[in-house]
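Engineer: If you want the building blocks of each chain, they are given just below.
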Amino acid sequence: MTPRLRRGVRLTYDRTRQTYDRTRQTHVVLFPEGVLVPNATATAVLELCDGERSIPDIAAALGERYAGVREDDVGDVLARLVDREVVEWA
Amino acid sequence: ELKVWTTPDFEEYATM
Chain A
1 MTPRLRRGVR LTYDRTRQTY DRTRQTHVVL FPEGVLVPNA TATAVLELCD GERSIPDIAA
61 ALGERYAGVR EDDVGDVLAR LVDREVVEWA
Chain B
101 ELKVWTTPDF EEYATM
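Here the protein sequences line up with chains A and B, keeping their order.
Sequence positions in the first sequence follow our numbering and run 1 to 90.
Sequence positions in the second sequence follow our numbering and run 101 to 116.
Only chain A is shown next, with the shape it has when bound in the complex (with noise of 0.2 Å):
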């Protein structure tokens, strides 16, 4: 299964948050219902959900930027997004 945004989903970026404090890296998730406002691994989740790549792909790629990546914790966001309608299995 490979994760991507569903249709009418955007990630963006809040440059109000970050005019007014810059030690923020703001990103937002725009979507019908709502606004998600992940932090930065979340972020970097997102941004890595092209309908290509598979959760140990996702995860093989952050442990390029980050120490200690746990799948499981790839997995587990994805899911809550898949909840909220964010995310589907492409």
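Just so you know, the hints here were simulated from the structure itself, not pulled from any lab data.
All figures in this text were calculated on a predicted structure; none of them were measured in a lab.
Backbone N, C-alpha and C define an ideal beta-carbon position, used for all residues, glycine too.
Don't take every hint at face value.
Claimed, not checked - Distance ranges between label pairs, derived from CB positions:
| hint | chain 1 | residue 1 | chain 2 | residue 2 | range |
| --- | --- | --- | --- | --- | --- |
| 1 | A | Arg10 | B | Asp109 | 18 to 24 Å |
| 2 | A | Asp57 | B | Glu101 | 18 to 24 Å |
| 3 | A | Pro56 | B | Lys103 | 19 to 25 Å |
| 4 | B | Lys103 | A | Asp76 | 16 to 22 Å |
| 5 | A | Arg7 | B | Asp109 | 23 to 29 Å |
| 6 | B | Ala114 | A | Pro56 | 29 to 35 Å |
| 7 | B | Asp109 | A | Glu33 | 15 to 21 Å |
| 8 | A | Asp76 | B | Val104 | 15 to 21 Å |
| 9 | B | Thr107 | A | Pro56 | 15 to 21 Å |
| 10 | B | Lys103 | A | Pro32 | 30 to 36 Å |
| 11 | A | Gly63 | B | Glu112 | 24 to 30 Å |
Since the structure of chain A is already known, use the hints to place chain B on it.
Structural biologist: Quick look at chain B alone, frame taken from chain A:
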């Protein structure tokens, strides 16, 4: 050169 992994999480808000 690697950042320390933290548990992925997000805040959700009903509703540049």
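Engineer: Okay, which hints does this one fail, numbers in order?
Structural biologist: Of the numbered hints given earlier, the structure breaks none, since each of them holds.
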